[in-house]
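Chemist: Here is how the chains run, residue by residue.
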Amino acid sequence: MNRTRKLITVSALAALVAIGTGCITEETGVEIVIRDAYCMAFDESHESETFVTPRTVYLADELDQVLEDNDVSREDLVRGGMIAASYEVTEPPAHDWTLTGGITVERTDIAAGPDTLLTYTSQSLMGAYGAPVFAVLREEGVTLINDALEDYIAEQDPVLLFKVVNGDCIPNPSASDQLVFEWEACVNYYVVVAETLDVYDFYPGSPTD
Amino acid sequence: MTIPRRACVVLGLAALLVGAGTQADAQIEDQLSAYTGPNAEGYLQPLATAIGADLNGGLFHTARVPLSGFHISIEIPLVAVLFAEEDATFEAVTESGFTPEQTVDAPTVVGSGEAVIVTGDEGTSFAFPGGFDLNSLALAVPQLRIGSFMGTEAIVRYAAFETGDAGLGDLSLFGIGARHNINQYFGETFPVDLAGGFFWQTFSLGDDLLDSDALSIGVQASKLYGTTFRFEPYVGVSYDSFSADVSYESEASGEPEQVDFSFDSESTARLTLGAALSAAFVTGYAEYNIAGQNNFTLGVSFGN
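So the sequence lines, in the order shown, correspond to chains Y and S.
The opening residue of the first sequence carries number 1 in the working numbering; numbering runs sequentially from there.
The opening residue of the second sequence carries number 1001 in the working numbering; numbering runs sequentially from there.
By construction, these hints were calculated from the structure, which means they are not laboratory data.
Worth double-checking, as some hints may not be accurate.
[What the hints assert, rightly or not] Chain S side only, calculated, beta carbon under 10 angstroms to chain Y, not exhaustive: (1) 1030; (2) 1031; (3) 1097; (4) 1098; (5) 1103; (6) 1130; (7) 1131; (8) 1132; (9) 1255; (10) 1275; (11) 1278; (12) 1279; (13) 1280.
From the three backbone atoms N, C-alpha and C, an ideal C-beta is built for every residue, glycine too.
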């Protein structure tokens, strides 16, 4: 009966609104989650199994664009975090290779890192072609990324330097059989935006009231 | 830091969800864009169910359908659903390669505004968006009733709103149906009025965010007391169905991804108990609907 009484109250209020003017709104806090990923393209061409390929990510610029696309500003953010990382071969080699190595990350705006973010072990390039492979992560690299997100929220402008550090390659590349392929690594992350909205609710309060 | 926002959008349909001000962003579609899979369906489910329940309410307030003559009335039924505690959360599963995969009770679109954060391997975490902390959904559904031809009348519902800065895009409602006088076949001494009919509606929200259809087929009975001031209790039984298609874009994977899914057609029986009070050309009525999701209707009608 309590529920029926609520319904009657709701409808009575709503009817008054419908025949009158104005709106019934309740101010409520809503935490919006924006999920995105920043991706780095690597063009590899090597005659040796050991190689290092760097890429710089201006995290602040990346995030500024994401926030602009979602029509929110940096001061609306309350927290952020890294979800996962993946890699994918986008242009396959002439034949398959098996690679073992990792990706490190460091900050160039402040002294932090380098730390290993992810590793790949005996990864077939053909096996990573056309579909992302979620990587085995390392806590130190994830922590550096999380700290960079928090620093961005704190109005800093983090710059990240990623390096592909390859160790082994089977078969071994040579001048006559070069390791040539393109791939992309992505870091999935989220940021939480806190907003206060006026929502239309003819019966404000908890559903269990 | 939070940004206060304030706006009045429209009456009735505007009860839907968010109001917003100069920056229109924190809307349903924004929250949905954080989901790429089945989570989106769970997040929206209470809203879809409530819309279905609201649409099939307030379709009639009498079983009297004149056999002939010109009869017209403009009606504004306002149908309200109260959300229950169980509508506030759903079983959500982590996405985007997050490990280990976890299932948690996350807010639905009507649930708590607080995001739910879970922690995973190696310092990773995953966030489920908050809801809009709604306790009720009320829809005003203006309709025109016109007749009668051989004991049959037509009913048309129409409403269209632009939410402007609210960022939902357009809200639109169209419905059409007919009712037929049944008690004419039982003789003049039959003690109550009887009618049967159907009503079909389509309701859309946003730029293809939600497109829904509702159908109600049913019979009604009522008994009129009084002449100058009239009192008329009524009852109805109907078979209702509702389905909805949802479409939006997510960039959760880093690239724009179109997400489409449907709420399967949901069919329920509905029992309506109501009463109308009228004088001259004005009628006020109230009804309670017992269905898959119960709701209450208050309405006013102007006409003959």
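Chemist: For each hint, tell me whether it holds in the structure or not.
Modeler: Structure-based check of all given hints:
| no. | hint | in the structure |
| --- | --- | --- |
| 1 | 1030 | holds (6 angstroms) |
| 2 | 1031 | holds (6 angstroms) |
| 3 | 1097 | holds (3 angstroms) |
| 4 | 1098 | holds (5 angstroms) |
| 5 | 1103 | violated (16 angstroms) |
| 6 | 1130 | holds (4 angstroms) |
| 7 | 1131 | holds (7 angstroms) |
| 8 | 1132 | holds (5 angstroms) |
| 9 | 1255 | holds (8 angstroms) |
| 10 | 1275 | violated (13 angstroms) |
| 11 | 1278 | violated (16 angstroms) |
| 12 | 1279 | violated (17 angstroms) |
| 13 | 1280 | violated (17 angstroms) |
Hints 5, 10, 11, 12 and 13 from the earlier list are contradicted by this structure; the remaining hints agree with it.
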